[in-house]
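Chains as they are written, first to last, in my numbering: chain X, 1 to 118; chain B, 1 to 115.
Certain hints may be false.
Once the Cα atoms are required to be at most 30 Å apart in a straight line, the calculated BS3-like pairs of lysine-lysine come out as [to be verified]:
{"hint": "1", "chain 1": "X", "residue 1": "K7", "chain 2": "B", "residue 2": "K73"}
{"hint": "2", "chain 1": "B", "residue 1": "K110", "chain 2": "B", "residue 2": "K55"}
{"hint": "3", "chain 1": "B", "residue 1": "K78", "chain 2": "B", "residue 2": "K110"}
{"hint": "4", "chain 1": "X", "residue 1": "K7", "chain 2": "B", "residue 2": "K102"}
{"hint": "5", "chain 1": "B", "residue 1": "K114", "chain 2": "B", "residue 2": "K96"}
{"hint": "6", "chain 1": "B", "residue 1": "K55", "chain 2": "B", "residue 2": "K114"}
{"hint": "7", "chain 1": "B", "residue 1": "K102", "chain 2": "X", "residue 2": "K65"}
{"hint": "8", "chain 1": "B", "residue 1": "K114", "chain 2": "B", "residue 2": "K78"}
{"hint": "9", "chain 1": "B", "residue 1": "K55", "chain 2": "B", "residue 2": "K96"}
{"hint": "10", "chain 1": "X", "residue 1": "K65", "chain 2": "B", "residue 2": "K96"}
{"hint": "11", "chain 1": "B", "residue 1": "K96", "chain 2": "B", "residue 2": "K78"}
{"hint": "12", "chain 1": "B", "residue 1": "K102", "chain 2": "B", "residue 2": "K114"}
Computed far set for chain B versus chain X, every beta-carbon distance over 12 Å [what the hints assert, rightly or not]:
{"hint": "13", "residue": "Q56"}
{"hint": "14", "residue": "K102"}
{"hint": "15", "residue": "P115"}
Chain B stretches covered by chain X per the calculated footprint, using a threshold of three residues with CB under 8 Å from any CB of chain X [said to hold, decoys possible]:
{"hint": "16", "segment": "25–37"}
{"hint": "17", "segment": "62–72"}
Hint data in this document are derived by calculation from the structure and do not stem from the laboratory. Where is the CB? At the ideal position from N, CA and C, for every residue including glycine.
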Amino acid sequence: SAVISQKPSRDICQRGTSLTIQCQVDSQVTMMFWYRQQPGQSLTLIATANQGSEATYESGFVIDKFPISRPNLTFSTLTVSNMSPEDSSIYLCSVELALAGAPTGELFFGEGSRLTVL
Amino acid sequence: AQTVTQSQPEMSVQEAETVTLSCTYDTSENNYYLFWYKQPPSRQMILVIRQEAYKQQNATENRFSVNFQKAAKSFSLKISDSQLGDTAMYFCAFMKPGNFNKFYFGSGTKLNVKP
Numbered sequence: 001s002a003v004i005s006q007k008p009s010r011d012i013c014q015r016g017t018s019l020t021i022q023c024q025v026d027s028q029v030t031m032m033f034w035y036r037q038q039p040g041q042s043l044t045l046i047a048t049a050n051q052g053s054e055a056t057y058e059s060g061f062v063i064d065k066f067p068i069s070r071p072n073l074t075f076s077t078l079t080v081s082n083m084s085p086e087d088s089s090i091y092l093c094s095v096e097l098a099l100a101g102a103p104t105g106e107l108f109f110g111e112g113s114r115l116t117v118l
Numbered sequence: 001a002q003t004v005t006q007s008q009p010e011m012s013v014q015e016a017e018t019v020t021l022s023c024t025y026d027t028s029e030n031n032y033y034l035f036w037y038k039q040p041p042s043r044q045m046i047l048v049i050r051q052e053a054y055k056q057q058n059a060t061e062n063r064f065s066v067n068f069q070k071a072a073k074s075f076s077l078k079i080s081d082s083q084l085g086d087t088a089m090y091f092c093a094f095m096k097p098g099n100f101n102k103f104y105f106g107s108g109t110k111l112n113v114k115p
């Protein structure tokens, strides 16, 4: 299994500001995933962060708006830039469990960061 | 692109009863995985059960079992002997193996277990 810690757990932000969310994993993982979960909705993948390379963004998400860092195998950050009320959401960090280096298809999630933009 | 559909936004069940949550998906892939994830009110998502598409036998995990119908692209979750702790959002997910495994989630079903 994997234990994932996210900070902050929640925050209230002003329009036009930026906020960085941190994700710490208790084991080394190749891929880390960032999801957005808008109120009452499902999870939407924002990007996949691979250590040592640029993140891969899904359609509708761009690096300028959601820059991601992945400095090592246990840590990643997601920044939500120039926030607007439409960015109010829960942001989830996730990793995939690997056994003997092979991916298992099982995701572990952090508890999420609930952002409210006024 | 893959899509996952959960047609039941909310369901209720009495404690100790059985409930079935529906999920359908659309894909042209032959090799894939299906999952049910649970998100309790505390918000942390946890895996309930997984199914490999190449396996004909339905997966079971204690009180949780699936009915996997590959031709119909259906993947329902049955919860037997429902407990109050089963109250949560349940998400069906599809995973296509690749350079990195990509997951697609349904819109979720909110399950309320009533005492």
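Evaluation of the provided hints:
no. : hint            : in the structure
1   : X/K7 / B/K73    : violated (38 Å)
2   : B/K110 / B/K55  : holds (28 Å)
3   : B/K78 / B/K110  : holds (14 Å)
4   : X/K7 / B/K102   : holds (24 Å)
5   : B/K114 / B/K96  : violated (36 Å)
6   : B/K55 / B/K114  : violated (34 Å)
7   : B/K102 / X/K65  : holds (22 Å)
8   : B/K114 / B/K78  : holds (17 Å)
9   : B/K55 / B/K96   : holds (15 Å)
10  : X/K65 / B/K96   : holds (27 Å)
11  : B/K96 / B/K78   : holds (23 Å)
12  : B/K102 / B/K114 : violated (35 Å)
13  : Q56             : holds (18 Å)
14  : K102            : violated (7 Å)
15  : P115            : holds (25 Å)
16  : 25–37           : holds (count 3)
17  : 62–72           : violated (count 0)
When the structure is compared with the earlier hints, violations turn up for hints 1, 5, 6, 12, 14, 17 and for no others.
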